[in-house]
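Chemist: The primary structure of each chain is shown beneath.
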Amino acid sequence: MSEVVHINLTVNGEAISQTVPVRTNLVDFLRNDVGLTGSHVGCEHGVCGACTLEVDGTMVRGCLMLAVQADGAKVTTIEGFADKDRATDLQEAFQRHNSLQCGYCTPGMMASALEYVEAGGAADREAIRNHISGNYCRCTGYQSIVDAIVDVIDGRAAT
Amino acid sequence: MTGPLTLFDKPNSYIGRSVPRPDARRLVEGRGQYVDDLQLPRMIHAAFVRSPYAHAKIGEIDSTEAAAIPGVVAIFTGADLAEYVTPYVGVLTHLQGLRSPPQMPLAVDAARWQGEPVVMVVAQSRAIAEDACGLIEVDFDPLDPVCDAETALDPDTSVIHDDYDDNLAWQRVVDAGDVEAAFARKDVTVIERRFDFGRHTGVTLESRASLVEFNPSEQELVYHYSGQAPHMMQAVLAKHLDLPEENVRLVARDVGGSFGIKIHTYGDDIATAAAAKILGRPVKFVADRNESFLSDIHARDHRVDGRIAVDGASKIVALEIDDLTGIGPYSMYPRTSAIECNQILNLTGAPYALENYRAKGTVVFQNKNMMCQYRAVGHPVAMAVADGLLEDAAREIGMDVVEIRRRNLIGDDAYPMSSAAGMKFDDLSHQKALNKLVDLMDYDGLRGDQEELRGQGIYRGIGLVSMVEVTNPSPMFYGIGGAPISAQDGASVRLDAAGALHVASSITEQGQGTNTIIAQIAAGVFGVDMARVKVTTGDTATVPYGGGTWASRGAGIGGEAVLLAANKLKEQVLDVAATILQAQADELDIVDGSVVDLGSSTERISLADLGKIVYYRGNELPSDATPELIATHHYRVTDFPFVFTNGAMAAHVEVDTETGFVKILDFWAVEDCGRVINPKLVDEQIRGGVVQGIGGALYEECIYSEDGQLQNASMADYLVPMAAEMPDIHIAHIETPTKTSTLGAKGAGEAGTGGAPAAIMNAINDALQPLDASIYQMPMTPQRILKVLGKV
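Going down the list, the sequences are from chains A and B. Quick note: the first sequence uses the numbering used here, first residue 19, plus one each step. Quick note: the second sequence uses the numbering used here, first residue 230, plus one each step.
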């Protein structure tokens, strides 16, 4: 239970070298050991999507991956999206449309939205709804989130 | 322009504008601060051994092995904590006869629901604490569980609490007019139905979380709180941990959803605070999702027998309901678990002109998780029963469901008036709301399409609901019954040297946009740009005393306090300005951060200059001038027990009669919440509420086995509404400001959750009508729909 392993990874562009218990999942490691608390823990069994983050270019559930599996990986969290301008338009659209209330689902929701937008997803409400159906939001009812994503897709298409 | 500008049309008036929330930015950038984000020096973590049985005697507890694990700091049993925590009892004196036995944070002699905390482990990490929990041996001796509310009062059912002779918690009867005589009339059509409402729960995405610090030198406890009522929790913690109230501080930062779930007193939270006090170091407890399902309060779980009589003119001549609900083994502290039943009795049929009304409510104890107030308390049940019966009656007599409402809804010119159940109503607009809804949804067009599609074997249905929502409660809700729950709220507004406003308010933010509307009101009333307003909420050390945000009271009560305080400060500032400028205060105004001549925008002195004179160069003021650049005001509702909001909603659904699946094609809501402070935020409250209501209507259910085991305590098994199944929701408003305040705002936060289930149920039954089937059991799952269709 208490076995530890040393891992090296890049988180939001910063090299991290740390020892972790092998049973620690990635999101707990990022939150508790690296201090990046932007990724949230909602269910710890891969259903709610609040911990969605990027590992080597793929959006994954931070609670379904062990920290040791991220050894050598490049990890980007919500804080990274904020710093690198990659999601600025999405963040602005979320604010404009009030696509968040309590904000707890937002980091994971934005990660899934970004995944859809960057993959060239269409501004099709039903397709967007299907894509974000792995992210649970109790507050908004989802409509304003769809509005924001549509806006961003339209905006990126226009530039 | 005629007359002076009012509060609502001045420059800097943000009331009525969809201002984006200034605090949303840090949340989209991952910079929120929720309880679990905080790490404190020497912080340790709590985990709990919970009862695996619905009902069991607790024998010996052996924690020898667990205590030996490196990193385990302390282990507490119920008996251990009983030495530090006084028992609590969830009753209110105005709910006459309500009883509940004393409760302790951890079960002592017996566990009475599956998931009740029994032993607490505190360790250097949550993982170690959980390891230790797994090694603790509790000698449980299973007892007969009482699970079914229907049989809880039967003479041969065992009694959960030794001191009671049966499992009855509370009973109430409302009897207005002559119900028997009305039902006995020869000229009435009577419809009788049994409605079942499943148990569901809030599923806040951030689970319950507490981080509690205790400073032994000062005997001060700081509770980092994810909840809605900081001052209530301050009183609860002080009383039961034997601390002076002033030595307990509650601090709420970002709260990841609450919906009523996090407003109650939970044993594991109290145990966490007790452990912090005993150990003198910070203790954190964050419920995992399984614990959330097992211990967050559940709600609804009502079985209602209802009947309605309508006469030849389609007027409702009588309504009668009999409500039975099981609340778990205790009444929750301090708000009690009888309120939902009480609301159902108060609200069923409330939108309609009704003289003969009888309602009986029976609240029983059972060995399931505890029930208490969750968003829209009682409303989904009350609205579904009344409007379900009404639409059935309409079908029976061959009348359109809109027309039967027009004939029975209280007239918009009838206020003020009292309902049959004794609710005082004013400033409502049921008829206007219904008319607006019918236009918004193109009701006639939809009816035409429906008929045509039925011919093709497509079963679509339209269902409506006319509703009231309890908002802005007065002390008559809780305070009168002895609970430490404030019905008044306060705001302090301070002008600083740089010309900025600081507002501290006792209402709280859980994502509704509380902080935003506070800034909107303060900026507009006082006369500064909203960017110059800083808002503090959630910290008992710095905000005025008040109730918090629940029962749709934040905007209406807290907002009015802000308005009054900002007005008062404005007068004080103008007095100072008059002294400085040697002018008359009543000839001055504040616009855009400057004192101006009334009616003009000519700057006389900027607020920053005024602030600097007062704070830095007081020597320039006459020595008898005593400038006060801070003002505090409190507000409570006095003339009414509650200020009601009304609304009308409609759902358009398609039922797949082969699979039982329901697709929601459209949803409309017309809401009259009085003056709308921020239309965007109100719309989003309604949308989110509607979706939560759809969850209860179609998906969400805490499924228990016969012996009281919760069988779907994970997010994989408990279904919540996800984006793909949800419709876009159309919203329109009527604004009938409440005369109880200057602001005129009523609440809006629970309307969607209260109304949507009725509209969805009515729509499904409308769709099923040609097949001679109907359903009155929520959630209306595919299986249950196939059952009423006779297909399974």
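To be clear, the hints were calculated from the coordinates, so they are not data collected in a lab. Treat the hints with care, as some may be off.
Said to hold, decoys possible - Some residues of chain B that are not near chain A, with every Cβ distance over 10 angstroms (derived):
#, residue
1, Leu256
2, Tyr263
3, Tyr393
4, Glu584
5, Asn664
6, Lys797
7, Asp826
8, Met951
9, Ala961
10, Lys1016
11, Lys1020
Unchecked claim - Simulated restraints, written as ranges between beta carbons of each label pair:
#, chain 1, residue 1, chain 2, residue 2, range
12, A, Asp74, B, Gly711, 21 to 27 angstroms
13, B, Asp629, A, Arg104, 50 to 56 angstroms
14, A, Thr177, B, Arg636, 40 to 46 angstroms
15, B, Lys1016, A, Thr177, 51 to 57 angstroms
16, A, Arg104, B, Pro908, 28 to 34 angstroms
17, B, Leu669, A, Gly139, 45 to 51 angstroms
18, A, Val22, B, Asp957, 48 to 54 angstroms
19, B, Leu669, A, Gly173, 51 to 57 angstroms
20, A, Thr28, B, Asp957, 36 to 42 angstroms
21, A, Gly173, B, Pro851, 56 to 62 angstroms
We treat Cβ as the ideally placed atom computed from N, Cα and C, and that holds for glycine.
Chemist: Tell me the numbers of any earlier hints that the structure contravenes, in ascending order.
Modeler: Going through the list in order, the structure violates hints 1, 2, 8, 12, 14, 17 and 19 and respects the others.
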